[in-house]
Amino acid sequence: MSINKEKDFGTPAAASENMVTLEIDGFQVTAPTGTSVMRAAASIGIEIPKLCATDSIEPFGSCRLCVVQIEGGRGMPASCTTPVAEGLKIVTQNKKLADVRRGIMELYISDHPLDCLTCSANGDCELQDMAGVVGLREVRYNPIETHLKAEKDHSNPYFSFDPSKCIVCSRCVRACEETQGTFALTIDGRGFDSKVSPSQNQPFLESECVSCGACVQACPTATLMEKSVIDNGLPEHAIVTTCAYCGVGCSFRAEMKGEQVIRMVPHKDGKANHGHSCVKGRFAFGYATHKDRITKPMIRASIKDAWQEVSWEEAINHAASELKRIQAKYGKDSIGGITSSRCTNEEVYIMQKLIRAGFGNNNVDTCARVCHSPTGYGLKQTFGESSGTQDFDSVMKADVIMVIGANPTDGHPVFGSQMKKRLRQGAKLIVIDPREIDLVKSPHVKASHHLKLRPGTNVAMINALGHVVVTENLIDEAFINERCDVAAFAKWKTFIAEERNSPEASESVTGIPAAELRAAARLYATAGNGAIYYGLGVTEHSQGSTTVIGIANLAMATGSLGHDGAGVNPLRGQNNVQGSCDMGSFPHEFPGYRHVSDPVTHQLFEKAWQTELSSEPGLRIPNMFEAALDKSFMGLYCEGEDIAQSDPDIKHVHAALRAMECVIVQDIFLNETAKFAHVFLPGSSFLEKNGTFTNAERRISPVRKVMSPLAGYQDWEVTQMLANAMGYPMNYSHPSEIMDEIARLTPSFTGVSYEKIERLGSVQWPCNDEAPEGTPIMHTEHFLRDNGKGLFMLTEFVPTAERVTAKYPLILTTGRILSQYNVGAQTRRTENVAWHSEDRLEIHPHDAEDRGVKTGDWVGIKSRAGETVLRALVSDRVQPGVVYTTFHFPESGANVITTDNSDWATNCPEYKVTAVQITKVSQPSEWQQEYSAFTEKQLELLEQGISHD
Amino acid sequence: MKIERLIKMANDIGNFFNSEPDKEIAAEGIKNHILRSWDPRMRKAIITYCQEDGSELSTLVKTAITKLAA
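Chains A and B, in that order, are what the protein sequence lines are. Note that numbering that gives the first Met the number 0 has the first sequence beginning at 0, numbered continuously upward. Note that numbering that gives the first Met the number 0 has the second sequence beginning at 0, numbered continuously upward.
Just so you know, the hints here were simulated from the structure itself, not pulled from any lab data. Check each hint, because a few of them may be wrong.
[Stated by the list, open to error] Which bits of chain B does chain A cover? Going by a derived footprint, with three or more residues having C-beta under 8 angstroms, they are:
1) 8-14
2) 17-29
3) 37-43
Even glycine gets a Cβ: it sits at the ideal position worked out from N, Cα and C.
Next comes chain A alone, as it looks inside the complex:
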């Protein structure tokens, strides 16, 4: 339920194009075949009473409150399960129906606590509403036995379960099945004993429940209720905004009481999430007002000094003067900045503008450097644009889904649920991953093929798939001839058909049985619409870009592009990875992925920004570190990114940060990078600012300020102040003006405006004269390369330099977990730690036994780069020879052990392949002990400097 209720039509919309006309209470209504009578009635404003029906789930017909009469028909059918038909005449209200409904309500209320005035759902309860609607005035029954003393379950940190208020309508059970696809809930028992049961009658927290909130959303009473509502009462207004977690970009209604967020409710009209959510977006927003927030600017001369709180003016002037001093001493190219995918489009845009126009160089990079930069490169080369090809809804038309190096149910949970819905409808699934992710086998979902490859062999695998497609003549010749560069295809065809690329030849490299790989390739190429979804398991390799190119080759060869149900879809890790890249935050590209040396683009921006611009590519993030140690890069402005935790070979990163003379961090917390900073500019959370995020399907969605910035300024305003202090004037009064400038200067954004986003809810770029309302599916008629043709490229497999040896016999690979997000700065400061309070090392039972390791033991993980210590989790989800961990806690030091190997094209780090040895140990590593002491000292220096008013 939610305040300012969104209209509930009772049952889902029907997809049919065939329309029928009927009469309801004397009014004519026309509706698609398959529509329920209840929904048809609702569409003309006739609300039929209901309890077990809601339009996010299929009708169930259990409460019988929605009964109607049909002229010429028998009995009283439930309107939720009765489909419309031509010429029907329906009566929804008469005395007979009213008596039945009143009788039903009387039975419900006879076993329901009559504490409405003190109930947390008072004013937001459908049972209460229906009692009023049917005119219930008395309850004649005096039951011998009731459920009124049923025990409450408060185990979930975010919501309570009060079975005494349950009417057993099964909405929660069905939401868990249909919307989320977890099947954690069931109705246990029969008749009077029927009750909602998480897993095997376990408390919610101990059950399979993933805390997505779908059940809470579906519950018509106070049975499942947010604790924030229980504690604070109902919200009084709501503002639609966009989640700041993963790249799905869910739309939420921030339900407010004044400036306090009471709850985040997934927005039914959100085109990326259709009213669904995950535990992070739905519940984990408490970090925004966490006590660790820093809300006053601070400066210090050295990282050995205590912080000193200063005014905004002093902090900005100090930062600008330091940057200018460094440029005077070391040269114009000695400073730069790093933006973040957590920033809005408008923030990223003016940040790169400040660097290019205000700093006078192109030393700007973004955290996409360490995640999806190979996507940008690979898809630009092959398709002509650095983006995924489909909208999320396209998956509902896929016949075979190939998931490579991604874990959607953990990393992109709301899209993962949509994908599972399609799989339950019968689409086939191929999972390519070293680890057995949940999708491989979960309730009512089973992969046809799980290609369990060795980490670091993606290119050999993708080449083998291409080999089968070509040599078994599974290619789509018509598509290739019409849509692709045929000369490049001929060259690729010759290359890929070579025997060394066959599944049999590559089996010893990849570890994938040749027959299994052949079967998977045939399935992908022949099952109908083939859709590829991939993640960081593809990109974060020394050949990350090559694999992206290989994926593009495979999709072009099979004609799996340009139409619904197909495509190549990178699942972006953070909320605005796509947007931050679009906005020109790479050192070699202006907004819209145009090279800084392109004369036309260069002239366009020089004219618009009224200053001379460099046409030379700037430094990438790892290059900045190298240059810092070389004393040619000495000042950094870092907004929203935590390079001191997230980047590889962290000791090297820390050394580089220590070498710089001025590090300016703009963030909401004193993050790991801020411990090496000289200026701290307090940032604003997504709840405190206006702007837009662009999700993985290129959807530009509004971010709306629902509370005042705790530090007084929105982030774009801070960057603007710094630009002005640097002597480069910026005078935007609202982010919409920044978007207007982006639209003026970027061909794929010319039709984008806040007015349009407000009107449509969101819009997918390209949005211009050719596509005024945006582009859900790209490359439908031609590719965006200059000649309009898709380009096949050769993808030779080159083994990574990171090899296993007797000294380092295991491969470490990394990933993320559902409840935590990226470096954990946000989610570690929420109740999500109830699910994941530390990073653990997953190790196969055989490898564990060889080393005498048991679950819970401390183990040392040593690589060529360093050593850290984690607790072990013995699991057969990983294969022998492979170990796995997450990287959500800084003290874990996961990046102490990752190396400086990187993608050949983009320098994206090879996080996914690190040769390691595991040994049982009894204490933290030397690095962990040193870093713990460093952190303690930095917190002391913070405490000495801050006021507590």
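Use these hints to put chain B onto chain A, whose structure you have.
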């Protein structure tokens, strides 16, 4: 800039383009990739290394760096 790092980066780029049968096209690809994505100080360092030593660079990459310097 640590030259060892730049040498590795250049050779990695070379490995990708090495599958191109026409080595002239391959060298041009390497040159353009470096020209379009490396900061000038990095390009200067690899050119200097190539001219003064170059022993750790693959033959194809050396050809490309020579083109870059021209």
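Each hint, compared with the structure:
Proximity of the stretch 8-14 of chain B to chain A, defined as three or more residues with a beta carbon under 8 angstroms from a beta carbon of that chain, is established by the 4 residues found. Interface restraint, the stretch 17-29 of chain B with chain A: holds (4 residues with C-beta to C-beta distance below 8 angstroms; minimum three). A stretch counts as covered by a chain when three or more of its residues have a beta carbon under 8 angstroms from one of that chain; for the stretch 37-43 of chain B and chain A the count is 5, and the coverage holds.
Taken one by one, the earlier hints all hold for this structure without exception.
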